[in-house]
Amino acid sequence: MISTSRPQIVLGLVAIAALLAMPWLVTSDYYVNIATQIVIAAILAMSLNVLVGFGGMVSLGHASYLGVAAYLTVYLTAHAGFGPLAGALAAIAATTILAMLFGYLALRASGLGFLMITLALGQILWGIAYRWASLTGGDNGLGGAVRPHPLGVDLMNPTAFFYFALIFLAAAMWLISRFIQSGLGQSLQGARDQPRRMRALGYNVWLIQWLSFVFAGFWGAIAGMLYAYYNQFVSPQTLHLTTSAETLLMVIAGGTGTLFGPIVGAALVVILKNVVSAYITRWLMLLGIIFVTIVMFMPEGLVPGTRRLRGIVRKRRGSPTTPALPVTEERPT
Amino acid sequence: MNFWVIQGLNGLAFGSLLFILASGFSLIFGLMRIVNLSHGAYFMLGAYVGLSAIDAGVSFWVAILIGGLAISVLGAIIERFILRRLSGQPLAQVLVTLGIAFIIADACVWIWTGDPRPVPMPRELAGAFRVQQLAFPIYRLFVIGVAFTLAATLWFLLERSRLGAMIRAGVDDLSMARAMGIRTSLLFPVVFCLGSALAGAGGVLAGPILSVYPGLDTDMLPLALVVVILGGIGSLLGAFIGSLIIGFIYSYGQALFPDLAYVILFLPMVLVLTLRPTGLFGRQAI
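Sequence lines, in order, name chains W and X. Just so it is clear: in the first sequence, position 208 is 208 by the numbering used here, and no numbers are missing. Just so it is clear: in the second sequence, position 146 is 146 by the numbering used here, and no numbers are missing.
Just so you know, nobody snuck in bad clues.
Label pairs and their computed distance ranges (CB to CB):
(1) W:Ser277 - X:Asp115: 18 to 24 angstroms
(2) X:Ser185 - W:Ala93: 50 to 56 angstroms
(3) W:Arg196 - X:Val62: 49 to 55 angstroms
(4) W:Arg196 - X:Ser59: 53 to 59 angstroms
(5) X:Arg168 - W:Gly143: 50 to 56 angstroms
(6) W:Ala86 - X:Arg168: 55 to 61 angstroms
(7) W:Ser277 - X:Val58: 34 to 40 angstroms
Now the stretches of chain X that chain W is said to cover, found in silico as 3 or more residues with beta-carbon under 8 angstroms:
(8) 79 to 92
(9) 222 to 232
(10) 264 to 275
Sample of chain X residues facing chain W (criterion: CB under 10 angstroms; computed from the structure):
(11) Phe29
(12) Ile34
(13) Val35
(14) Leu37
(15) Leu98
(16) Gly99
(17) Ile100
(18) Phe102
(19) Ala105
(20) Asp106
(21) Val109
(22) Trp110
(23) Pro258
Hints were generated in silico from the structure; no laboratory data involved. Every residue, glycine too, gets a C-beta built ideally from N, C-alpha and C.
Sequences and hints are given; from them, build the entire structure.
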C-alpha cells in the first residue's frame, strides 16, 4: 500500500523543483545529459517496479522493452522512412504487442519460473540483435536517428531534450500512481499477497497480472523511445541481461513497492555508473558486488535500509523490517 | 544428404555440451529450488581454468579434472557461506547468484583478457572420422560419447542408488522428505558441488569446439534455462531430451538460416509453455 505522509510530499515537491531548476543550477551539458539519463532510467525502473514491487513478479528481462522500442525507433525513423512521430508511435505499439506475447508466455509460470522465462526471452532477443547483423547492425549497433523538432523546439539542445524527457517522467509518475491506486492496481497487490484467496474471491489473477505486465511493457517502450532519441544510436547492450539487472537494481535499491523509490534508485545507479566508469573499467564487477551486498545485508533496499540504520542509531532499537523482495509463491501441486 | 547427417551430428555434439551444463542446473533447481544464474559463469570459468592448466603443461585430461575440481570447490564455498545463509529466500538466492555471475565474468576479462582463446584439442582425438564421403571430427564424437555416458551414470546414480533415492525424494517433496528423516542439509552441498563440477568440466570439454571468450557465460546460460523450461524441472530425462532438441534446432538453424538461428529458439519455448507448462517431462509447473 502507498502511504504518502507529509514529509514525503514535501520531499517529492523539493525533488521536482530541483529537477525543474536543474539546467539553471548546473551549466555544463555533461551534467544535463546525466540528468536526462536519470530521467529515462527512472521511467524504466518505475515500469519494472509495477511488476516487482506491486505485482511480486520479478522479471530479469525488462531490458527487452527498452531495447526493442529503441531498435524499432532507430530503424523505422532512420532506415525505413518513417517520420519521427509515426516511427515513435509504431515502435511503442509494436513493443507493447511484444509485451503481450512475452507476458502470455512468462505468466504460464510464477515466481522463479517467471524469472527464468523472462531472462531466457530477453537473452534470445539480445542474441537476435547481436547476430542478425544484416538487420540490426550486429555488435556495431544501429545509428542514424535524428532528434525530432516538436513544435519548433530543437531537441538537439541538451536542456531542451532534458525537459522533453521530464514531461514523459511526469506523465509516468502520474499515470503509474493512478494505475496503482486504481481497482486493477489494488487487485494486482492482492494477487501478489494472496493469489489463492483472490482467485477464490472470483478475481481473474492471470488477467490482472497480464494487463499489468503489458502496462509495464508499455512504459518500458516509452523509455526505449526516449533512449533511442537521446543516444541517436542503439546497440545490443541495451537488450543485455546486465541492463535488465541494472534496472532491477534501481528498483531494489530504491525500495520495491514504493512509488517513487525507483527514481531515487535510478539516480543512484546512473550517477554511480558514470562516476565509476570515469575512473575504472570494472563496472560489471561493481554491479555484481552491489547485488551480493544488498541481498546479503540490506534486503529491504538501500533507501529503506539506510532509514532503518538511521532509526537504529537514533533509537538504539531496530523495528522489525519486512524484506522488500517479494516472497515467491510455491504453487500447490 | 551429407548436409543433414553432418549438421545432425553437430547438433548432437552441441546438445551434448548443453546436457552437461543443464543437467547440473536442473538438479540444483529441482532439489534446492535455487535458480543458479552463475551456472554459465561456472562453465566459462572452468574453461579458462582448464586452458591455464594446459598452458602450464598438463594434459587435456588432467585439465578437465582440474577445471571440474576448481569449480566444485568454488561452488562449495558459495553454497556454504552465501546460499545457505539465505535459505528459504529463493529470490534473494537468485539475485546473489546473478551478482556472483557478474563478478566472475568481469574477473575472467581481468585475468584472461577479452580475446577469444581456443582450447587446444588433445592430440589423440584430432583428425576426422571417415565413412565413405562423410568426414566428422573425432573430438565431437568423443563429446557425444561423454554426454551419453554421463547421462547413463547420472541415471544410475539417481534411480538405482540410495543417494539418488534421497535426491529424488527431495525433488518431489522437500518437506515430506525432511519429515521422513532424510537430512536434506547434507544433500544440498553434494548436489551443488556435483552440478558445479559438471559445469566446470563441461566448460573445458567445450573449449576445443566453442573456444573460450567473454560472453560465453551469457551465451550458454539462457540455453540452459530454455532446456530446463523445455524438459521440466529436476527431470534428468527432460534435461537430456531438451538439450538434444535445442542442440538440433541450433545446429540446423545456424546452417539453414544463420540470421534467424536465435529467433527459432523462441519456437520450442512458445510451444511447450502454451501446450504443456510443466515441461515435457516435469511433474510440476515451473
